[in-house]
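Peer 1: In this text, residue positions in the sequence shown follow my numbering: the first is 3, and each later residue adds one.
Everything labelled a hint here was simulated from the structure, so no lab data went into it. Just so you know, not all the hints are guaranteed correct.
Stated by the list, open to error - Here are the computed lysine to aspartate or glutamate pairs in the DMTMM-like style, where the Cα-Cα straight-line distance is at most 20 Å:
#1 186 to 44
#2 13 to 43
#3 53 to 92
#4 241 to 303
#5 224 to 40
#6 286 to 268
#7 286 to 163
#8 292 to 303
#9 179 to 268
#10 91 to 31
#11 292 to 183
#12 141 to 127
#13 292 to 232
#14 186 to 222
#15 241 to 268
#16 13 to 44
#17 206 to 221
#18 241 to 269
#19 206 to 268
#20 141 to 303
#21 91 to 127
#22 186 to 128
#23 206 to 232
#24 179 to 163
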Amino acid sequence: MTIIPYSEQHKELWDTTLRQSRFPALLLERGFMDYHADRFEDASLMVCDEKGRVEVLIASSIRRDTNTIVSHGGLTYGGLIPSVHAGIKEIMEALGLACEHYRSLGAIRWILKPAPWAYWSIPSEEVLYAMTQHGAVLKTRALSNCVALDAMQNAFGQTEDAIPQFFSEMRRRHVRKCRQEGVKVMIPDNESDSLENFWSILTKNLSHRHGVAPVHSIEEMKLLMQRFPERIYLATAMKGGEMLAGCIFFIASPQLVHVQYISAADEGRNNNALDLLFAELVGKVATEYKYLDFGISTLHDGTGINEGLMFQKHGYGARGMCYDTYEIAL
């Protein structure tokens, strides 16, 4: 097998290989990875067999100031993405070649953030096995909240009166009340004015409550929504022309929808508008996708729990799924 460092001339090959891989992930499309290319030095690799067929993609960036490879520094996850043809032998060899290549760049450590199991189209924990065999050590573990849509519907029964049966009774009451009060959900709603309105609510809440800003700027989000109009959506809960709440969700993989941003205005919190929004979002995605990931609800690299978020998402039928970070000493 041979290593090919990624460059812009490989964009079409990368994307084609990714879409046919075990993990055709939105975040790992080059149009998504490269939206902030000015902030990250790409160190991605393609590993080819003797016939030139790409067997493994490796999504990574390099931090030269700390001699560290990160898979991926600008994304929630990265690392090894095997083709459907690759077996454990090829994955082990690809990882070994990548370690040698990154050592040659002067790196002394490799931080890997493999995507959680629900994102993968085909079981791929050969990657975790190979990482362990190369000395990977678990460094952090964050806890997300994910709805297994089929399983929850089977356990609780099918949706009735357009409210998921696996929502808690409190959430179901809130949904009914919102509908009685005339709250309406718009899915999707990608107009620029709506995005700017939502971004104002989101930015204010993040700043006042947590002292942080959204990971993406509004300009970046507009760009990504333009590049992926069929995979990134804004959904809003409206009443009388006023935006009460909203969320941006990604069709992250062929079987999973990820909620990237969630926020509600003061009136939306009073109306519990998010409960209606998510009831209708579940209705939209349940027939096409297996999982709905509400995102991480832990703090400080997983060492603390945001109990309020956990309680809220549990009420939507979401249960725990780990986002792990590993380190390989090179």
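Peer 1: State for each hint whether it applies.
Peer 2: Going through the hints against the structure:
A C-alpha spacing of about 43 Å is found between residue 186 and residue 44, which places the hinted pair above 20 Å, so the restraint is violated. Annotation: proposed proximity of residue 13 to residue 43 holds, straight-line Cα distance about 16 Å (limit 20 Å). Using a Cα cut-off of 20 Å, the hinted pair residue 53 and residue 92 holds, with the two alpha carbons roughly 13 Å apart. Using a Cα cut-off of 20 Å, the hinted pair residue 241 and residue 303 is violated, with the two alpha carbons roughly 37 Å apart.
Among the hinted pairs, residue 224 with residue 40 is consistent with the structure: their alpha-carbon atoms are about 17 Å apart, no more than 20 Å. With a C-alpha separation of about 26 Å, the suggested pairing of residue 286 with residue 268 is violated against the 20 Å cut-off. With a C-alpha separation of about 14 Å, the suggested pair residue 286 and residue 163 falls inside the 20 Å cut-off, and the hint holds. Distance hint between residue 292 and residue 303 is unfulfilled; the C-alpha atoms sit about 27 Å from each other, more than 20 Å.
Restraint check for residue 179 and residue 268: satisfied, since their Cα atoms lie roughly 17 Å apart, inside the 20 Å limit. A threshold of 20 Å between alpha carbons decides the hint, and for residue 91 with residue 31 the separation of about 26 Å lies outside it, so the pair is violated. At roughly 31 Å between alpha-carbon atoms, residue 292 and residue 183 are farther apart than 20 Å, so this suggested pair is violated. For the suggested pair residue 141 and residue 127, the alpha carbons sit about 18 Å apart, so the restraint of at most 20 Å is met.
Taking the CA atoms of residue 292 and residue 232, the gap is about 18 Å. The hint holds against a cut of 20 Å. Pair hint residue 186 plus residue 222 does not hold up; C-alpha atoms about 27 Å apart against a cutoff of 20 Å. Distance check on the hinted pair: residue 241 and residue 268 sit about 13 Å apart at the alpha-carbon level, within 20 Å; holds. Proposed proximity of residue 13 and residue 44 is supported: the alpha carbons are some 13 Å apart, at most 20 Å.
A threshold of 20 Å between alpha carbons decides the hint, and for residue 206 with residue 221 the separation of about 17 Å falls inside it, so the pair holds. A C-alpha spacing of about 10 Å is found between residue 241 and residue 269, which places the hinted pair at or below 20 Å, so the restraint holds. Between residue 206 and residue 268 the CA atoms are separated by roughly 11 Å; this keeps the pair inside 20 Å, and the hint holds. Among the hinted pairs, residue 141 with residue 303 is consistent with the structure: their alpha-carbon atoms are about 9 Å apart, no more than 20 Å.
Taken as a hint, the residue 91 and residue 127 pair is honoured in the structure, with Cα atoms around 13 Å apart against an allowance of 20 Å. At most 20 Å may separate the alpha-carbon atoms for a hinted pair to count; residue 186 and residue 128 exceed this at roughly 45 Å. This hinted pair does not check out: residue 206 and residue 232 have alpha carbons roughly 28 Å apart, beyond 20 Å. Taking the CA atoms of residue 179 and residue 163, the gap is about 13 Å. The hint holds against a cut of 20 Å.
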